[in-house]
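Enquirer: Spelled out from the first residue to the last, the chains are:
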Amino acid sequence: MATDPIIQIRDLSVRYHVARTGNRLIAVQDVDLDVMEGEFLTVLGPSGCGKTTVLNCVAGLLTPTTGTILAGGRPVTAPGPDRAVVFQDYALLPWRTVADNVRFGLEMQPRLKEGAADRIAEAIRLVGLSGFENSYPRELSGGMQQRAGLARSLVADPRILLMDEPLGAVDALTREVMRAELKRIIDATGKTVVFITHSIDEAVQLGDRIAVFSSHPGTIKEIVSVTPGNRDGLRDQLWKSLESDAVAAARGAAE
Amino acid sequence: MTARTAPAKPLRVRPSGTARRPWKYRTPLIALADLVVFVALWHVAVVELELVNRVFFPSPGDVAGSLATLISSGELAGHLGTSARSWLIGYGLGAAAGVVTGLATGSLPWANRLLMPLLWSLWATPLIALQPTLTAWLDYGDGPIVVLVFLSTMIPVALNTATGAAQTSPSLIRAARVFGAGRMAVYLKIRLPWAVPYVIGGLRLAVPTSMIGLLVGEMVGSPSGVGSIIVNATARFRTGEAFAAIGVYVVLSVVLVRLLDLAERRAGGWRNHA
Amino acid sequence: MRDLKRWAVALEVAALFALWELAISGLKLANPSFVPPPSAIWTAFTGMLADGSLPEHAWFSTQNAVAGFLLAVVVGVPCGLALGSSRLVSDVAGPPFWTAYAMPRIAFQPLLVLWLGFGAAPKILIIFLMAVFPIAINTMDGIRGVDPSLVRAARVYGAGRIQVFLKVQLWAALPLILTGIRMGVARAMVGIVVGEFIGGSQGLGYLIFRRSADFDLASALALTLLLVVIANVLMALVSLARRIAAPWYAEGVS
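Chains as they are written, first to last, in the UniProt record's numbering: chain V, 1 to 255; chain U, 1 to 274; chain A, 1 to 254.
To be clear, the hints were calculated from the coordinates, so they are not data collected in a lab. Warning: the hint list may mix true and false statements.
To be verified - Some, not all, of what chain A presents toward chain U, calculated at C-beta under 8 Å:
1) 9
2) 147
3) 189
4) 193
5) 194
6) 198
7) 208
8) 212
9) 217
10) 221
11) 228
12) 231
13) 232
Unchecked claim - Per label pair, the in silico range of CB-to-CB distance:
14) U:258 / A:78: 26 to 34 Å
15) A:247 / U:65: 55 to 63 Å
16) A:237 / U:258: 31 to 39 Å
All residues carry an ideal CB built from backbone N, CA and C; glycine is no exception.
Hey, can you work out the whole structure from these sequences and the hints?
Expert: Spelled out as structure tokens, the structure:
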């Protein structure tokens, strides 16, 4: 069945003016990308390659220099309830408990006033935080904070989940557990997901398709599909594809 | 499908490194404009409109005239010399005592437990309330002033230094030990450099507090010093002179804070490149 | 742990007083009328309580302090909010604000007395001037220091400018606003004392001045110690208010 993609990105470029040097920095150049309904797309690339910029454009937090983005067929000009974001640094409000943080995902949408309590309880149960409703973020581990962030993004039932390295700030062991949890939760809700990561393992393990980014300027190098059979082969292929970029980035950082 | 639109314009949340050029040159200009407008309004209000009695509230011209007289008569230089001497002695000794106390308090657990609460509680206290008692002990003149400046310098410097020394990275201390540093070397090569930005922060905090100590000392119980000009001039309704003396204080404290800001940026440079 | 620390401080202070008493009354290291021992200070304190001089002067100071300080909060917090959240306000009003902040404001006290007389008005005004700046500046820092990623998150979930302010910025700034109020308390205490030192005939500051001029140093020190206690109790109360109003805020050095 051929349907229109739920997210369509065409000719997206973002340039910044760097005040200190007076130069223009090209963060993203000529990105074209389609994401299908119900798809789990991972965006893989070295740090600083502009993947987060693309995500912020889709979220409506950043206006592109050129190009267009359609979400659900409508042009993106601002954040909207059809798109929720999970942030790398969780971005939970420290003065609110878990339940109130989750409620934040509903508050600005009067149409969801009714049955809010049930929605919140359901979202918290889904991410496995039942019993921690009244805890403050600082009382939770990184992994649990990100579960709360996930619940907040799910509570208003958006069509699209945008995840910006959501597991980037948690420890390695928790990351393993959380990957499996994420997969379970997303499968249970059937959301369309755009998931940014710099980990090849994560991209391969979670994604249906992988968009590989290269840096300077940030653009899509290739898009590969993941099938149960080709996971191991894909790891090597992706590493080869990213190696030169990664080495260059490491050199750049060292200098 | 493609729409060529305006340059990247972030929606309210500004990604780091975005343009802020037009603002860069605006603030000093606005400050200057503010100053000109302020002085002009002041002049008009006092001289043209005569909104206030000029005996009680001088015009900008009166203040400038009084300042010129104070300078040419040598009166200002004499008082300024007295103030500077009291301040330098008190501030210098206070800074030295503060750094030593702070290093000890920050690095020795027992000193930390013993002294930190006392320092905090003294920081909360209006030390100038001691002025009359100090005057009774040390007589009128520079003695009580130097002590007030000393105390109001030492406490913020000690508190800040202690905070810095206590937060010294333990792994740096371990590393120093591994490479053969003894107790003294750990102080000199690790704790002290680590605490330097905090010390400077404390010295900066101490500028206004020590100024308060100096001023109160001079206004309440001293025949000389810039603070005494303010009191004596006001008592004789020479408000222009009082304003001029206050102006001297303003310039002094702004210059001192700026100097320490500069020192802070120099000494704390390594912090920003981490 | 916290309670233990508090007791340690109390013990420490008690030990200091005991040493002081021993040095003066026991070992006669100094003339007791020149350096009064704690026992003499306590006697002076109860004496001032009994003859009514302390309550009367304390009441005068308290009235001024409350008036000046409330004024500082009512003016300082909105000013800080405006300076922190509007680029325009901080460009236009910033420079005069910072200049006033850099000024040694107590230097104006003799002039305030000249303009407003010897009554309560100049005292209230100097307390206000001392307390308002730390309150406004901390409020401003609080608003400016809000984690941009929280603002981003609020926008993603549909918050407009006003909602971002009400639901994110104001809350994020609350601990710093209370920190500013705490610093304001300390500065207000300085204002009380200076206001009554210069051109005063009532109040605790005046009483300290008067008694030490009469070489009644036991009374002067009793009043000074009373101010120390009051300052610390007030600061502790504001800290407590911050713990209650902002329980999520892990206390740092402030």
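Enquirer: For every hint, state whether the structure bears it out.
Expert: Status of the hints after comparison with the structure:
no.: 1; hint: 9; in the structure: holds, 4 Å
no.: 2; hint: 147; in the structure: violated, 11 Å
no.: 3; hint: 189; in the structure: holds, 4 Å
no.: 4; hint: 193; in the structure: holds, 5 Å
no.: 5; hint: 194; in the structure: holds, 6 Å
no.: 6; hint: 198; in the structure: holds, 6 Å
no.: 7; hint: 208; in the structure: holds, 5 Å
no.: 8; hint: 212; in the structure: holds, 4 Å
no.: 9; hint: 217; in the structure: holds, 6 Å
no.: 10; hint: 221; in the structure: holds, 6 Å
no.: 11; hint: 228; in the structure: holds, 5 Å
no.: 12; hint: 231; in the structure: holds, 5 Å
no.: 13; hint: 232; in the structure: holds, 5 Å
no.: 14; hint: U:258 / A:78: 26 to 34 Å; in the structure: holds, 29 Å
no.: 15; hint: A:247 / U:65: 55 to 63 Å; in the structure: holds, 58 Å
no.: 16; hint: A:237 / U:258: 31 to 39 Å; in the structure: holds, 36 Å
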